[in-house]
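Enquirer: Got chain C sorted already, so can you dock chain X onto it with the hints?
Protein chains in written order, with this note's numbering: chain C, 1 to 247; chain X, 1 to 275.
A portion of the hints provided could be inaccurate.
Said to hold, decoys possible - In silico BS3-like pairs for lysine-lysine, Cα to Cα no more than 30 Å straight-line:
| id | chain 1 | residue 1 | chain 2 | residue 2 |
| --- | --- | --- | --- | --- |
| 1 | X | Lys78 | X | Lys169 |
| 2 | C | Lys117 | C | Lys216 |
| 3 | X | Lys78 | X | Lys35 |
| 4 | C | Lys119 | X | Lys169 |
| 5 | C | Lys75 | C | Lys117 |
| 6 | C | Lys117 | C | Lys205 |
| 7 | X | Lys264 | C | Lys75 |
| 8 | X | Lys169 | C | Lys117 |
| 9 | C | Lys205 | C | Lys187 |
To be clear, the hints were calculated from the coordinates, so they are not data collected in a lab. Note that the structure is a prediction, hence the values are computed from the model and not measured.
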Amino acid sequence: MSLVVLRRVAFAYERTEVLVDVDLTIEEGDFLALIGPNGSGKTTLVKIILGLLRPTAGEVEIFGRRPSEFVEWDKVGYVPQKATHIDPFFPASVEEVVGMALVAGRREGGRPGREAKGKVRRALEVVGLGELGREAIGRLSGGQQQRVFIARALVTSPRILFLDEPTTGVDAETQASFYDLLDRLNKSEGLTIVLVTHDIGIVNKHVNRVACLNQKLVYHGDHAAFCRSDAFRDLIGRGDHLISHEH
Amino acid sequence: MPALFAYGFLQRAFLAGVLIAVACAVLGVFLILRKDAMIGHGLSHLAFAGVALGLFLNVLPLGAALVVAVGASLAIVKLKDRAGLHGDTAIGIFSSLGLATGILLASLGRSFNVELMSYLFGDILAIEPREVWLSVGLAAAVLAAVRLNYGKLLFMTFDRESARAAGVKVGRLDTLLMVLTAVTIVLGMKVAGILLVAALIVIPAAAGLQVASSFRGAVGASAVVAVAGVAGGLGLSLVLNIPASAAIVLLCFLAFALLFLRKKGRGLRAAPDRD
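In isolation and in its complexed conformation, chain C is listed as follows:
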């Protein structure tokens, strides 16, 4: 089943073209890496799918609906770029941060009830932070904060999870356990994952689909074929915008 379909999507900031004629389909169960050099339009594309930006041309469908008409946002998890660059003095507990996603789609947006607290606890256990629910978010390490934001994205039991460069500024060891967690969620829970990354090492080890973007979609297909493709050689040739880690 196709969860996301883009047809001839284009986007421009004033006169600067960012995306041109992008056709892309994301199927249920995909672990898709969205890669490309800086300024290639990766984040813009994710924001268009999520309805945060309107394309200047083309059509977008998420679960068969246009983003502007889609209401079941609890089916979609999102961890934005720089999620961990939060105000360290913001007075929110870990439980409060995770629980935020549960009130988002409700008609009334009050405080989470008992059932919601149970969901928050379970989401924190999934990411290995069950003991830190009452801790202030600003007092956690970058890696722990990252897990809190994953828990927030997972607490509504979404069917698709978007992560925009989620491990920027996080050490290699924490990154490795983070990607193991994503692997588990994809393989055991069947969660569809769309990962925006610069890291070719991640692509090599974890994902099963790759979409390579450079204003246009220059490659979309399975991971093994990507590694033999011209698009891959072009990216490696660029070098300056991409990194490669062994995880």
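Expert: Just chain X now, with coordinates in the frame of chain C:
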């Protein structure tokens, strides 16, 4: 001193003062964390224009201030959204416009300057029964609106982009928050006066933020500081024969200063551990 609270005027002052101060403190926590703390100052200047307009046209000043402040809060939201103005430029523009209009109207209608002064400096002990019930009703409505939207307001304040991606209508909540602030500022004019009402938005909330590790805790602590400020300020005003508005604001500042120093002393503002 408890015997003093047998007086009707004091009961009215306490009831209205506490409710309005709590509404101010709760909204203040959201506004400070959104970096919108100065909206209180801006809207109080606009409320000044509304009061002057009400006196000039010989209609209820509180009602005129409510209309002007709510209208201006909506205009500020639109300007911030669509005109691409930086930071709090829209607040600065409307604040100056309010003050200039108020001064002009006060100058044109010279006979009402004395009454205008009571709004500038506040006179909570002279609050009338119908003003009490109006204040109680509106303050309760403000608190109920915040409670109903608490989770969404928190999400939007903490992480606006993720809140939008999760389906929170952040534009509507921006408008709601500004309108609630405008209503609360107008109500607070009687407690602290136009010149000091913004302090009720900022100082108790800033004090609460010094002690809390959760948002709920920050809201609760801010409300406690606000209630203590009103109760203590009213008491000091009666005992020492000083203006209640000044006593309330100075007590709130004292609470902020003590909590700030306590936090500094405990080193809680040291940079959190990172990877």
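Enquirer: What are the numbers of the hints the structure violates, in ascending order?
Expert: 2, 6, 7
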